[in-house]
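Produce the entire structure from the sequences given, and follow the hints as far as they go.
Respectively, the protein sequence lines represent chains A and B.
So the first sequence is numbered by our numbering: it starts at -6 and just counts up by one.
So the second sequence is numbered by our numbering: it starts at 246 and just counts up by one.
The hints are all genuine.
Examples of chain A residues lying across from chain B (beta carbon under 10 Å, computed):
1) 35
2) 49
3) 85
4) 92
5) 95
No lab work stands behind these hints, which were simulated from the structure alone.
We put the CB at the ideal spot given by N, CA and C, even for glycine.
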Amino acid sequence: DSGVTQTPKHLITATGQRVTLRCSPRSGDLSVYWYQQSLDQGLQFLIQYYNGEERAKGNILERFSAQQFPDLHSELNLSSLELGDSALYFCASSVGGENSPLHFGNGTRLTVT
Amino acid sequence: EDKVVQSPLSLVVHEGDTVTLNCSYEVTNFRSLLWYKQEKKAPTFLFMLTSSGIEKKSGRLSSILDKKELFSILNITATQTGDSAIYLCAVSKETSGSRLTFGEGTQLTVNP
Chain A
-6 DSGVTQTPKH LITATGQRVT LRCSPRSGDL SVYWYQQSLD QGLQFLIQYY NGEERAKGNI
54 LERFSAQQFP DLHSELNLSS LELGDSALYF CASSVGGENS PLHFGNGTRL TVT
Chain B
246 EDKVVQSPLS LVVHEGDTVT LNCSYEVTNF RSLLWYKQEK KAPTFLFMLT SSGIEKKSGR
306 LSSILDKKEL FSILNITATQ TGDSAIYLCA VSKETSGSRL TFGEGTQLTV NP
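See the structure below:
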């Protein structure tokens, strides 16, 4: 168990809808990262937060947004969902030091029908 | 654009075999290379390599980095069915904190 908690485990929703994925980092970790894993693209970096502030953005669509709250948990909001958004969404956390490995949660499997 | 390429993409072996997984990279401001094992759920951390030529070892798994030739290998000796997983290689950059760029992974299947 990595100590990173993601909810829900599974989510099935229709096109055009909006969903929120939640992540609680490991105790003591200040950085949260969101990744998307789809069958044909591997793990793609979406966005990073450090102690409540956005630190880096990757291949995140404008329909997606995220935030990190004062208690350090993070939420990823996906709106106007399309079939192609179906994927595994992982949250990872790290201490925030310059060379600390990422520790991943078990992911949320999103299916858009 | 940063690139991480793993080979082979899939591999099927018998229990007891030794396997070598490859990872090559092209990134600016390279800092470290990491290996992860992904079974059904979360990728789990195996190794972080920052210096060339220094082998990291954990049980039957070992890994080494060559910063001159820009590649790393992950060796698994005396494979077991429990080693079946996707093995992911990732790199971090000096300018990107702990953010990782991943390769596509190698799907390893170990048959009894």
